[in-house]
Amino acid sequence: QEPVSQFTIASANYFSAIGARLLTGRVFTQFDGKDSPPVAVINETMATRHWPNEDPVGRRFTLRRGGRDSRAGTALEIVGVVSDQRQDGPEKAPRAEFFVPYPQSPTGSLIFVARTKNDPNALIQSLKETIWESNSEQPFYAVTTMDQLVDDSLKARRFNMALLGAFAFLALALAVIGIYGVMSFSTGQRIREIGLRMALGAQTRDIIRLIVGQGLKLTLIGVGVGLVAAFALTRILSGLLHQISPTDPATYVAVALLITGVALLACYIPARRATRVDPLVALRYE
Numbered sequence: 001q002e003p004v005s006q007f008t009i010a011s012a013n014y015f016s017a018i019g020a021r022l023l024t025g026r027v028f029t030q031f032d033g034k035d036s037p038p039v040a041v042i043n044e045t046m047a048t049r050h051w052p053n054e055d056p057v058g059r060r061f062t063l064r065r066g067g068r069d070s071r072a073g074t075a076l077e078i079v080g081v082v083s084d085q086r087q088d089g090p091e092k093a094p095r096a097e098f099f100v101p102y103p104q105s106p107t108g109s110l111i112f113v114a115r116t117k118n119d120p121n122a123l124i125q126s127l128k129e130t131i132w133e134s135n136s137e138q139p140f141y142a143v144t145t146m147d148q149l150v151d152d153s154l155k156a157r158r159f160n161m162a163l164l165g166a167f168a169f170l171a172l173a174l175a176v177i178g179i180y181g182v183m184s185f186s187t188g189q190r191i192r193e194i195g196l197r198m199a200l201g202a203q204t205r206d207i208i209r210l211i212v213g214q215g216l217k218l219t220l221i222g223v224g225v226g227l228v229a230a231f232a233l234t235r236i237l238s239g240l241l242h243q244i245s246p247t248d249p250a251t252y253v254a255v256a257l258l259i260t261g262v263a264l265l266a267c268y269i270p271a272r273r274a275t276r277v278d279p280l281v282a283l284r285y286e
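Just so it is clear: in the sequence shown, position 17 is 17 by our numbering, and no numbers are missing.
Just so you know, these hints were derived from the structure itself, not from any lab.
Please note that the accuracy of each hint is not assured.
As the list claims (entries may be wrong) - Here are the in silico distance ranges between beta carbons for each label pair:
#1 Val176 to Asp278: 23 to 33 Å
#2 Gly73 to Phe167: 45 to 55 Å
#3 Thr107 to Ile18: 12 to 22 Å
#4 Arg209 to Gln148: 51 to 61 Å
#5 Leu227 to Arg49: 36 to 46 Å
What the hints assert, rightly or not - Calculated lysine-lysine pairs in the DSSO-like style (CA-CA distance at most 30 Å, straight line):
#6 Lys92 to Lys155
#7 Lys34 to Lys128
#8 Lys117 to Lys128
Note that the coordinates shown come from a computational prediction; the quantities given were computed from them, not determined experimentally.
From the three backbone atoms N, C-alpha and C, an ideal C-beta is built for every residue, glycine too.
With these hints in hand, go ahead and build the complete structure from the sequences.
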């Protein structure tokens, strides 16, 4: 099986327009015409895959596109290596890709790429008029900005993440309500105990420390169990993440601190309210 790479036809200024960095060698020039030796520029992924730990500039490979030249193919000399471009969207890894100059492989369908200093939306009409000066019958079937292309490719991902975010917020709200309700109920059942402790000289801070400490112990156990379960489910979530590790330490620490902080607040409020009860009233409480 012969290796397969993405094949792209480009002009000399294409790489600067899309912001591709030249890593080694050169890009196309006006001298790469139809009568000059066939050349190609490859991306970093292709260079690493087929020429690891060496400079591919000056190497040759054969392009087979089917049809008449499917057997003989076209020998291309590599003249440069550029940085990877995510042609299939930001969430997919770059594919091996090589570029050939337009004069050496002309086609009837082209995509024009323009880099602007100002808002590109404001220049779309002027770009159309400039092209119409050369060909008044030239149709435009898709004119958009790079930001819009990226947004369109992420619509499904954004919807999934928004849905997961809503569920996560609901889970957090239920956890907060549950912790507060349980601690309030537990504290209410200990009114006589709290009154007795205060009658025997316990200070407010002692009561708060007792109730918050017990609640914190339960919270830490719950956070520990949740972290173990989260690590076990990382394979399911890995497909929904882009450039973020499923076991990202910062995310786990932030969530654990958030849950712990919410639990502390949910424990402190009932504990503080319990200390305001008169000890005599608390001792008669049934």
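In this structure, is the beta-carbon distance linking Arg209 and Gln148 contained in 51 to 61 Å?
For Arg209 and Gln148 the Cβ distance comes to about 57 Å; the hint holds.
Take the C-beta atom of Val176 and the C-beta atom of Asp278, compute their distance, and say whether it sits inside 23 to 33 Å.
30 Å, holds
Range hint 12 to 22 Å: satisfied by the CB atoms of Thr107 and Ile18?
18 Å, holds
For the pair supplied as a hint, Lys92 and Lys155, is the alpha-carbon distance within the 30 Å limit?
15 Å, holds
Between the alpha carbons of Lys117 and Lys128, is the straight-line distance 30 Å or under?
Roughly 17 Å between the alpha carbons, so the hint for Lys117 and Lys128 holds.
Measure nothing beyond the straight line between the CA atoms of Lys34 and Lys128; if it is 30 Å or shorter, mark the hint as holding.
Within the cut-off at roughly 28 Å; holds.
Should the hint that Gly73 and Phe167 are 45 to 55 Å apart at their CB atoms be regarded as holding?
53 Å, holds
Is it true that Leu227 and Arg49 lie within 36 to 46 Å of each other by Cβ?
37 Å, holds
Checked against the numbered hints above, the structure breaks none of them.
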